[in-house]
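Engineer: As they're listed, the protein sequences go chains A and B. Residues in the first sequence are numbered from 1 upward in steps of one, following our numbering. Residues in the second sequence are numbered from 1001 upward in steps of one, following our numbering.
One should not assume that every hint holds.
Stated by the list, open to error - List time: in silico DSS-like cross-link candidates among lysine-lysine, alpha-carbon distance up to 27 Å:
no.	chain 1	residue 1	chain 2	residue 2
1	B	K1240	B	K1104
2	B	K1395	A	K39
3	B	K1192	B	K1240
4	B	K1240	B	K1178
5	B	K1007	A	K122
6	B	K1178	B	K1196
FYI, nobody ran anything at the bench for these hints, they're computed from the structure. Please read all numbers here as calculations on a predicted model, not as lab measurements.
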Amino acid sequence: MKLLSVRFRAMGGPCEIRFYGADESAVTPAQYEIARLEKRYSRFLDSSIVSRINASAGDGRGVRVDDETAALLDYASAAHVQSDGLFDLTSGVLRRAWDFRSGRVPAQEEIAPLLPLIGWEKIFWQRPNLLLPRAGMQLDFGGMVKEYAADRAAQALRAAGVAHGLIELGGDIAIIGPHPDGSPWRVGIRHPRLAGSAIAYVELASGGIASSGDYERFVEADGQRYCHILNPRTGWPVQHLASVSVVAPQCLIAGTSSTVAMLKEREGQGWLAELGLPHLCFDRQLHPAGTLAFLTG
Amino acid sequence: MSKSESKKLLALTAAAMSLPGYAPQAQAWSDAESETGYRFTHYAESDLSATATNQRNRERYTVLSHQFHLRVPDGEARQYTGDLTVETMSGASPWFIVPAADGKPIQVMSGATIDDSRMALELGRTDFETLGSRSYSLGFSREEDYLSLGGGYGQSWELNDRLTVFDASLRYSRDFLKPTDGETARFPDRVKYADKGVASVSAGVSQALSADSTVQLSLSYGNSEGYLSDPYKKVLVGNKILPDQRPGQRNQFSLSARLRQYWSRFAAALHLDGVASRDDWGVATESLEAGWYQRVWNDWLLAPSVRWYQQGEADFHRPYFSSAPDDANHSSDYRLSTFGALSYRLGVLRDGPQWSFAFAAERYDSDPSYSLRDADLQNPGLVTFTVYSAALSYKF
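Work the whole structure out from these sequences, hints included.
Structural biologist: Right, dumping it as C-alpha cells:
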C-alpha cells in the first residue's frame, strides 16, 4: 500500500484525491459520483434537475423532485432558518447583474429589479413538490453541491475499500480516514491575497474542512474589493472578512457554516462560536481569529 | 462556547442526515440510476388426481422462466426499459372430457409430452412531465406455433397537489397462430392458420387519503376478435369429439379497487385488492387479496398474502355435451368452468442501495367447493400449482 495522488478538474476547479492503496483504480467510483452530481446540479445542462426547476419558475404547477434533491432542499431550508435568512438558494439570480469576469461593478438600478426574485421564504417547498411562484426565480445549488460531492466521494472511496485518504474539491476537503499510522493529515488554508500559497495549516484526522473567502471571484473598483459572496437582502457583496474556514463532521456543514459566517460579516465569528464548530477567520487586514488550532509553516 | 448543545448545529446535522450516505441507514434515490435485474421462476402444475383421469400418465405442465430487466434513465425526465423473457414449457395438458359409466367426467390428457419454448421482448419509454407521465411500449412474443405483436400507450395526470392521480392506457396486440400438425391426416379438424386481435383500454384514479393510505379504483374494457378457440382442445358433443369452438368476439369489463395502508408504528403495510369482471361469454369472476408487508430488520421485508378467486362458467361450457347445444359453440376447457381458488404466497425481499433480492413461493389450489357458485358437473381438469421465484437486481 502506497500513498497515491490523483488530480483532475471538476466542479469548476482543481481536485485531488490522496489516499493509500494498491493502485489508482479505487478512485473511479468517487470520480463517477462527482461527475454525476456535477451533471445533475448543473445550471448549464438542459436535462439537469436544476434546469428543470428553474424552467418551471412562474408555473403554478411546480415540479416534483427526486429524493436526493428533496434532501438537499430540506437541508437548504434548515440552513436558511439557522442563518437567519442569509443562506439562500434563490440568491443565485444576482448573477444576472454581477459578472465577475467582466471586471465591472453593476449599478444599483441593475440589482434592484432582481431583489423581488430572491427569498427562500417566497418559494413553496413541500416534499416532493417545489414551486417557484415568480417567473425569473432561480435556485442555485452551487453553494452546497461541491461540499456535498466531497462527502459523497469520500463515502464512495470508503465503499471501495479505501480507509486512509482525503479528497479535495476546489479547496473543500473531506477526510476519508487518517494516515495508516493514525496520524492526521496536514492541510493548507488558502492565503486570501497570495494565490497558490497557504496562510495556515491545520491537522485533520476525520470530517471535513471548507473555506469561503473574498478571494475566489471578485471585481476591484475604486480601491474596493467586490467579492462573489452576495448578501441576499441587498444584492451587494460582503465586506468584513477575507476568509473563513470551518471544520465539521461533514464537509457540507463546514461549507454552509463558512459561507454563512462570511454573510454575517461582523457577527460571523459570534455565529460560529454559537454553532460550536472549530473555525479560523481572517479579516481584511489578515488578522487571524477563531478556535481552530493552526500552524503557520 | 457550547459545543455539544448548539441547537443550530443539531438542526443542520439533522437535515444533512437525510442525505444519501450521511446516516448509516440512509435511503438511496432511485430514479437517476440505471437498474438491471434477473428473475427465475419455476411453475409446476400438480399431477391430476387418480380419480380425475383414467390415464396412467397424470403429469401436467411445468414452465421454467428466465426474465431479464433493464432500466436506463436518460436525463431527469425520461427512462427506457427493456424486458426479455425466455421460457421452456413441458408436460401434458387437458384434451377433452368423457363421462364415466356413472356420468362422472373423466379427463383425457393430450397424449405426447409437449416441449415448447417462448421468447418475449418488451421495450418501453416513459417521459416524466411536470404533473404526470406518458409511456409507450412495443413488444413481441414468439413460440413455435404462435407470434404476437403488440404496443401500448399510457398517460397519467397528477392533480390536487398530487394527492389525486388519473391514469389511462390502451393496448393492442395481434396474434398469429400456426398450430402444430394443423389440417394433417392425424389432426384433420385442427385449424391450420388463425389470428386474433386483442384491444384493451383502462382508466383509473388513485387518491391519497392521508400520508399513509391510498385508494385506487380502475375500470377496464377488453375486446378480442378472431379465432378465440383453443386449437389443441377438443370436446365431446353427443357421440362426436369436435374441436373446441368459441364465439369470434369477446367483450369483457372489469372493475378493481385497491387499498394501501401503511403504519409506521409497526413498520408494516396492508394491501387489499378486490377485482370483479363480467363478459359476454357469461364468464363472471370475483377475487379478493390481502397482503401484509412487514419490515423485519433494516432492509428486510416479509410479505405473506392470501388470495381468493371464484368464477362462473361460460354459457357454452360443459365438461361434455350429451347432445348438441343450440348454437355451434362448445368448450370443455376448465378455464371456462365454474370453480373457486385459494392461493397463499410468501415473499422475502431485501432492498439494498445497490443490490436487491427477492424470493417468493406460492401455492394455488382450485376447487369448485371454494366457489359460492354451484357447478352442475365439476370439470376434472382444474389445476393446482406451485410457483417459486428468485430475483436479483442491481442499481448502477
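Engineer: A separate judgement is required for each hint: does it hold in the structure or not?
Structural biologist: Against the structure, the hints come out as follows:
1. B:K1240 x B:K1104: Within the cut-off at roughly 18 Å; holds.
2. B:K1395 x A:K39: holds (19 Å)
3. B:K1192 x B:K1240: The hint holds at about 21 Å.
4. B:K1240 x B:K1178: Holds, because 25 Å separates the two Cα atoms, which is no more than 27 Å.
5. B:K1007 x A:K122: Given that 27 Å is the threshold and the Cα spacing comes to 25 Å, the pair holds.
6. B:K1178 x B:K1196: holds (12 Å)
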